[in-house]
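Visitor: Single-letter residue listing:
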Amino acid sequence: MATYRDVAIVLRTHKLGETDRIVTMLTRGRGKARAVAKGVRRTKSRFGSRLEPGMLVDLQCYEGRSLDTVTQAEMIAPYGDRISRDYSAYTCAAAMLETADRISEEHEPVVQQFNLLAGGLSALAHREHDSGMILDSYLLRAVAIAGWAPSFTDCAGCGAHGPHRAFNLASGGAVCSACRTPGSAAPRPETFVLLAGLLTGDWPVVEASEEPVRREADGLVAAYVQWHLERGVRSLRLIDHTPSTPLPPHEVFARTSLGTSRGPRLPPHEVFARTSAGTSRGPRLPPHEVFARTSLGTSRGPRLGA
Amino acid sequence: MYEGVVQDLIDELGRLPGVGPKSAQRIAFHLLQADPADVRRLTEVLTVVREKVRFCETCFNVAEAQQCRICLDPRRDVRLLCVVEEPKDIVAMERTREFHGRYHVLGGAISPIDGIGPDDLKITELVRRLGAEPVDEVILATNPNLNGEATATYLSRLLRSMGITVSRLASGLPVGGDLEYADEVTLGRAFEGRRVVDA
Ligand SMILES: [Zn+2]
Ligand SMILES: [Zn+2]
Numbered sequence: 001m002a003t004y005r006d007v008a009i010v011l012r013t014h015k016l017g018e019t020d021r022i023v024t025m026l027t028r029g030r031g032k033a034r035a036v037a038k039g040v041r042r043t044k045s046r047f048g049s050r051l052e053p054g055m056l057v058d059l060q061c062y063e064g065r066s067l068d069t070v071t072q073a074e075m076i077a078p079y080g081d082r083i084s085r086d087y088s089a090y091t092c093a094a095a096m097l098e099t100a101d102r103i104s105e106e107h108e109p110v111v112q113q114f115n116l117l118a119g120g121l122s123a124l125a126h127r128e129h130d131s132g133m134i135l136d137s138y139l140l141r142a143v144a145i146a147g148w149a150p151s152f153t154d155c156a157g158c159g160a161h162g163p164h165r166a167f168n169l170a171s172g173g174a175v176c177s178a179c180r181t182p183g184s185a186a187p188r189p190e191t192f193v194l195l196a197g198l199l200t201g202d203w204p205v206v207e208a209s210e211e212p213v214r215r216e217a218d219g220l221v222a223a224y225v226q227w228h229l230e231r232g233v234r235s236l237r238l239i240d241h242t243p244s245t246p247l248p249p250h251e252v253f254a255r256t257s258l259g260t261s262r263g264p265r266l267p268p269h270e271v272f273a274r275t276s277a278g279t280s281r282g283p284r285l286p287p288h289e290v291f292a293r294t295s296l297g298t299s300r301g302p303r304l305g306a
Numbered sequence: 001m002y003e004g005v006v007q008d009l010i011d012e013l014g015r016l017p018g019v020g021p022k023s024a025q026r027i028a029f030h031l032l033q034a035d036p037a038d039v040r041r042l043t044e045v046l047t048v049v050r051e052k053v054r055f056c057e058t059c060f061n062v063a064e065a066q067q068c069r070i071c072l073d074p075r076r077d078v079r080l081l082c083v084v085e086e087p088k089d090i091v092a093m094e095r096t097r098e099f100h101g102r103y104h105v106l107g108g109a110i111s112p113i114d115g116i117g118p119d120d121l122k123i124t125e126l127v128r129r130l131g132a133e134p135v136d137e138v139i140l141a142t143n144p145n146l147n148g149e150a151t152a153t154y155l156s157r158l159l160r161s162m163g164i165t166v167s168r169l170a171s172g173l174p175v176g177g178d179l180e181y182a183d184e185v186t187l188g189r190a191f192e193g194r195r196v197v198d199a
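Protein sequence lines, in the order shown, are assigned to chains H and V. Reading the first sequence from the start, the letters are residues 1 to 306 in full-length UniProt numbering. Reading the second sequence from the start, the letters are residues 1 to 199 in full-length UniProt numbering.
One thing to keep in mind: the hints can contain errors.
Rough simulated footprint, nothing fancy, chain V against chain H, three-plus residues with beta-carbon under 8 Å [as the list claims (entries may be wrong)]:
1) 52-59
2) 67-80
3) 90-99
4) 158-165
With a Cα cut of at most 35 Å, we get these calculated DSBU-like pairs of lysine-lysine [unchecked claim]:
5) H:Lys15 x H:Lys38
6) V:Lys52 x H:Lys15
7) V:Lys122 x H:Lys38
8) H:Lys15 x V:Lys122
9) V:Lys88 x H:Lys15
10) V:Lys88 x V:Lys122
11) H:Lys38 x V:Lys88
12) V:Lys22 x V:Lys88
13) V:Lys52 x V:Lys122
14) H:Lys15 x V:Lys22
15) V:Lys52 x V:Lys88
16) V:Lys22 x H:Lys38
17) V:Lys52 x V:Lys22
Far from chain V, by Cβ distances over 10 Å, these chain H residues were calculated [to be verified]:
18) Lys15
19) Thr153
20) Ala223
These aren't lab readings, by the way, just hints derived from the structure by calculation. Heads up, the beta-carbon is just placed ideally off N, CA and C, and yes, glycines get one too.
Start from the sequences, fold in the hints, and give me the full structure.
Guide: Below, the structure is given as structure tokens:
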């Protein structure tokens, strides 16, 4: 029987029979995959806890006719476990996992999506930034990788240099006064700046933003994602915006990087999938830094007057 | 595919949780060959269950009256309230004979991907109970998986803001197992939940 080994993030699980689960995951090498995990719902299961949503695992499976079967799962990073201790982070992670599920196809590996999701979950688990901002940054970059890159500076219709005043979903972001159609929104100029920062992972810009601006950006990001993903993302309705409490010192655990884990190493060009237009150059970055980098961008759009 | 009513039976059985098409077919043919008296007993019990059994108005456990037998039992300690996801979890807790308080059934766990948020569970009812009953401690006994943990996190944030003592069922090592086989999440939680040995 053909077996394979891969690094995977568990996206969701379904109960199967009395004690099994079907695990839907995003693998690095094979895109989205579904596999049966036998006996994991028993409390004595050895790898039940590793195959929960949001966990990053090193996985071994054998291929079946319709479904694969998990034979081994080793933990690389228990992001899901950490995230479940913070309700806001949990709701944001749920929306990220659902989006990743909706955006990826089976047997169609998109390494950038995998790295982006790993980076986003890591940022949530470490409470690196506001959960809602991590989610918005993830969503914008995920749809950009999927081919629907928005523009928040130059006009999405004709390419005229920005900044512009109007925002149109169908056009793909900011629009100039000539391309502006009825039904376009008119967000604050600061909101465009924040959105551009979220799209490129420019965290100093994001951190400097104020609450009303964040709320406006939240709404536009959700609308943009729902516009592109048919049937929408259900979890977005249940996002909790209560600010996270900082991690108590004893809970700040050693950061896990793919480079030091037991799993197969990621080649550097695969780890660095930082921006939508990201050229794959730069030093090797573990997932938690994929979200944090702000100064290495080679292809970030012009900065708005921040 | 079978004809008419046999296929209907297979389809109905196949809608039950945990029953796949193969099992549905096997159960259907078992019923066809079974003693008619056995089948009659099964149909009667199914009808009675639908008619008689309902959910306790206080705790949402299964009940045969307005309240379940636990809520009606005066010997249960009203100061302790154990929150579980499903009525079947009460059965599991009762088997331990360790707990003498009362229960509250949420009717599931928060699961945003399935569209289930706090408002879809019996949380408002829980808060109302805590306002009316002399509860000292709420024990969160949701499942030790992602959704169960997140539900416990949500509830502890909510209830602590009301000034109620909240505890979470400890996660730890299965009795009878070997330490070396424990997974890291369980072992990590066992460390967190460790207690001082006083004997
Ligand atoms: Zn234009
Ligand atoms: Zn009751």
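Visitor: Need the status of pair H:Lys15, H:Lys38: alpha-carbon distance at most 35 Å?
Guide: 10 Å, holds
Visitor: Given the hinted pair V:Lys88 and V:Lys122, is their Cα-Cα distance within 35 Å?
Guide: 16 Å, holds
Visitor: Given as covered by chain V, does the region 67-80 of chain H meet the bar of three residues or more with CB within less than 8 Å?
Guide: holds (count 3)
Visitor: Measure nothing beyond the straight line between the CA atoms of V:Lys52 and H:Lys15; if it is 35 Å or shorter, mark the hint as holding.
Guide: Distance ~29 Å between V:Lys52 and H:Lys15 Cα, so the pair holds.
Visitor: Mind checking, does the region 90-99 of chain H have 3 or more residues with a CB under 8 Å from chain V?
Guide: The restraint on the region 90-99 of chain H holds, since 6 of its residues have a Cβ under 8 Å from chain V and three suffice.
Visitor: Between H:Lys15 and V:Lys22, does the CA-CA distance stay at or below 35 Å?
Guide: 17 Å, holds
Visitor: CA of V:Lys22 to CA of H:Lys38, is that 35 Å or under?
Guide: 18 Å, holds
Visitor: If we take the beta carbon of H:Lys15, is the closest beta carbon in chain V still more than 10 Å away?
Guide: Since the minimum Cβ distance to chain V is about 8 Å, H:Lys15 lies within 10 Å and the statement is violated.
Visitor: Given as covered by chain V, does the region 52-59 of chain H meet the bar of three residues or more with CB within less than 8 Å?
Guide: holds (count 3)
Visitor: Going straight from one Cα to the other, do V:Lys22 and V:Lys88 come out at no more than 35 Å?
Guide: 26 Å, holds
Visitor: Taking 35 Å as the top limit, are the C-alpha atoms of V:Lys88 and H:Lys15 close enough?
Guide: 16 Å, holds
Visitor: Taking only the CA atoms, is the gap from V:Lys122 to H:Lys38 under or equal to 35 Å?
Guide: 32 Å, holds
In terms of the numbered hints stated before, the structure departs from hints 4, 18, listed from lowest to highest.
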